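Work out the full structure: start from the sequences and follow the hints.
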Amino acid sequence: MASAQIRGTNQGPGAFEPDSIYEPDFPYRPKSINIDGRRIAYFDEGKGPRSILMVHGNPVSGYVYAPLMRRLLPDFRCIVPDLMGFGMSDKPSNEEAYSLSGHIAMMAEFIYRLDLHNLAIIGHDWGGPIGFGAAVQEPERYTHLVILNTMTEAPMKILPHYWLPFHILLRTRRLFSYLVRDRGLFQRLGVAIMEPQDQAVYARANHDWSTRAGIAAFPRMIPNNSRHPNYPILQEIVSKLESWDIPALVLFSDHDSVFTAEQGQRFTERMVNAQFELIAGPKHFLQYEQPDLIDRLIRSFLEA
Numbered sequence: 000m001a002s003a004q005i006r007g008t009n010q011g012p013g014a015f016e017p018d019s020i021y022e023p024d025f026p027y028r029p030k031s032i033n034i035d036g037r038r039i040a041y042f043d044e045g046k047g048p049r050s051i052l053m054v055h056g057n058p059v060s061g062y063v064y065a066p067l068m069r070r071l072l073p074d075f076r077c078i079v080p081d082l083m084g085f086g087m088s089d090k091p092s093n094e095e096a097y098s099l100s101g102h103i104a105m106m107a108e109f110i111y112r113l114d115l116h117n118l119a120i121i122g123h124d125w126g127g128p129i130g131f132g133a134a135v136q137e138p139e140r141y142t143h144l145v146i147l148n149t150m151t152e153a154p155m156k157i158l159p160h161y162w163l164p165f166h167i168l169l170r171t172r173r174l175f176s177y178l179v180r181d182r183g184l185f186q187r188l189g190v191a192i193m194e195p196q197d198q199a200v201y202a203r204a205n206h207d208w209s210t211r212a213g214i215a216a217f218p219r220m221i222p223n224n225s226r227h228p229n230y231p232i233l234q235e236i237v238s239k240l241e242s243w244d245i246p247a248l249v250l251f252s253d254h255d256s257v258f259t260a261e262q263g264q265r266f267t268e269r270m271v272n273a274q275f276e277l278i279a280g281p282k283h284f285l286q287y288e289q290p291d292l293i294d295r296l297i298r299s300f301l302e303a
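In terms of numbering that gives the first Met the number 0, the sequence shown has 145 at position 146, counting the first letter as 1, and numbering is strictly consecutive.
Heads up, a few of these hints could be off.
The following label-pair restraints were derived from C-beta to C-beta distances [as the list claims (entries may be wrong)]:
1. D181 with H160: 16 to 26 angstroms
2. R265 with D207: 34 to 44 angstroms
3. R49 with R219: 19 to 29 angstroms
Source of the hints: derived by calculation from the structure; they are not laboratory data.
For clarity, every value in this text was computed on a predicted model and none was experimentally measured.
All C-beta atoms, glycine included, are put in the ideal place defined by N, C-alpha and C.
Following this line, the structure appears as structure tokens:
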């Protein structure tokens, strides 16, 4: 798998106190680790015998898992990083600083530096290929996979209602940059179903043009055909997941406008040791919209 090698070259983890994007009553405080010269923020809460790593996608941050983390604590240790470009992590303003292989390498280094073992990993949206892309490099660290509304096929299929705007915007870079970076359109639409106070967290995290490069970079990373440079990366990740004899719980919602439940079902059938659950009601962020149900399903899965 093509990924930059950055292991063992930077400072270790520690607390930090920048201006917070969170509400004053939010009970968790992030830590940070320096990886390849970038500060990566993360929550590390709980002291249970099993650790759960939760990896987010676009255009949110680790905060999207806060409702689920609250429920899983105190029975599990929950580690929830902000990808570079999101949350309280560093946000390079140049879109070329972001790549799928780079995100995977940083996630693999994050896991190595925190020395995580006996680990269940949850991947949602881009957190799937990034988190699972790191996991297949060191499978001995992991005991369970939890797969939420994410890429399960290479190339990724663009659903019909997105096909035309997707191709138009990617071919008109100036318009795309104006809408996504100057106006924050993708960011606002992406979290529109959330409560206003939660939308405000993401607005503060990516508050202007210079902080939205990571959001703008992800759509161009989508391997929507076999000629895309990320196609072989996603293909290799999917192939390794399908042949990995590890317990996997695949949870897809029935109203997601990005990924379909049928994609999740097909992926489950191709895996060695997976079970599928359809989550009725939620749209894309099922861990945010149905945290009680997701908590119960994960607990049952991990304790089986």
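Cβ distance range 19 to 29 angstroms for R49 and R219, holds or violated: Violated, since R49 and R219 (Cβ atoms, about 36 angstroms apart) do not stay within the stated range.
Beta-carbon spacing of R265 to D207 - inside the hinted bounds 34 to 44 angstroms or not: holds (40 angstroms)
Satisfaction of the hinted span 16 to 26 angstroms by the C-beta atoms belonging to D181 and H160: Between D181 and H160, where Cβ atoms are some 24 angstroms apart, the hint holds.
Checked against the numbered hints above, the structure violates only hint 3.
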